[in-house]
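Asks: Chain residues, written in single-letter form:
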Amino acid sequence: DSGVTQTPKHLITATGQRVTLRCSPRSGDLSVYWYQQSLDQGLQFLIQYYNGEERAKGNILERFSAQQFPDLHSELNLSSLELGDSALYFCASSVDPDRVGEQFFGPGTRLTVL
Amino acid sequence: SQQGEEDPQALSIQEGENATMNCSYKTSINNLQWYRQNSGRGLVHLILIRSNEREKHSGRLRVTLDTSKKSSSLLITASRAADTASYFCATAHNTDKLIFGTGTRLQVFP
Chain G
1 DSGVTQTPKH
11 LITATGQRVT
21 LRCSPRSGDL
31 SVYWYQQSLD
41 QGLQFLIQYY
51 NGEERAKGNI
61 LERFSAQQFP
71 DLHSELNLSS
81 LELGDSALYF
91 CASSVDPDRV
101 GEQFFGPGTR
111 LTVL
Chain U
1 SQQGEEDPQA
11 LSIQEGENAT
21 MNCSYKTSIN
31 NLQWYRQNSG
41 RGLVHLILIR
51 SNEREKHSGR
61 LRVTLDTSKK
71 SSSLLITASR
81 AADTASYFCA
91 TAHNTDKLIF
101 GTGTRLQVFP
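Chains G and U, in that order, give the protein sequences.
The first sequence begins at 1 in my numbering and counts up by one.
The second sequence begins at 1 in my numbering and counts up by one.
Just so you know, these hints were derived from the structure itself, not from any lab.
Treat the hints with caution; some may be incorrect.
[Claimed, not checked] The calculated lysine-lysine pairs, modelled on PhoX-like cross-linking and capped at a C-alpha distance of 25 angstroms, are:
#, chain 1, residue 1, chain 2, residue 2
1, G, Lys57, U, Lys97
2, U, Lys97, U, Lys70
3, U, Lys26, U, Lys70
4, U, Lys56, U, Lys97
5, U, Lys26, U, Lys56
6, U, Lys26, G, Lys57
From just these sequences and the hints, can you work out the full model?
Replies: This is how it looks when you write it as structure tokens:
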């Protein structure tokens, strides 16, 4: 158990809908990262927050947004969902603001868009 | 692309044998990390090797880094069925990028 929690575990929804994925980092970790893992794209970095502020951006679509709250939990919002958004979404956390150290991954949310 | 590339893509061995996976990358790195992912689960950090280190051990794991060849290898000795998983290398560039490779799928048969 990494100490990172994610909810929900599974999410099935329809195209055009909006969903929110939630992540709680390990106690003491200030950085939260979001990743998307699909069969054809591999593990793609989406976005990082550090202590409530956006720190780095990766291959995140404009339809996606995220935020980190004062209690350091984070939410990833996916809107106008498309079939291609079906994937595993992982949250990871670390102590450091720099995206180069060890990261602790949550169990993931499996999103299926029908 | 700066992405690390693992080789082989898939590897099948018998319990007790050693498994070796390789990772190559293109630009200079701060460190290189190896992660394991059991099917459909989150990634688990295995080991981090800094750019000024050449070899590191952790239990049955041995990682080497050759910065002149821009490559790393992960050796799992005396493999077990429980080692069955996908293994990813992740290369850390400067202070703001950690890029994951495409992974090696390891199957260890009892």
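Asks: So, for every hint listed, does it hold in this structure?
Replies: Right, here's what the structure says about each hint:
1. In summary, the hint linking Lys57(G) to Lys97(U) is supported, as the alpha carbons are separated by about 10 angstroms, within the 25 angstroms threshold.
2. Restraint check: the Cα-Cα separation between Lys97(U) and Lys70(U) comes to about 17 angstroms, which is no more than 25 angstroms; the hinted pair holds.
3. For the hint pairing Lys26(U) with Lys70(U), the CA-to-CA distance comes to about 7 angstroms; that is within 25 angstroms, so the pair holds.
4. Using a Cα cut-off of 25 angstroms, the hinted pair Lys56(U) and Lys97(U) holds, with the two alpha carbons roughly 22 angstroms apart.
5. Distance hint between Lys26(U) and Lys56(U) is fulfilled; the C-alpha atoms sit about 21 angstroms from each other, no more than 25 angstroms.
6. Taking the CA atoms of Lys26(U) and Lys57(G), the gap is about 21 angstroms. The hint holds against a cut of 25 angstroms.
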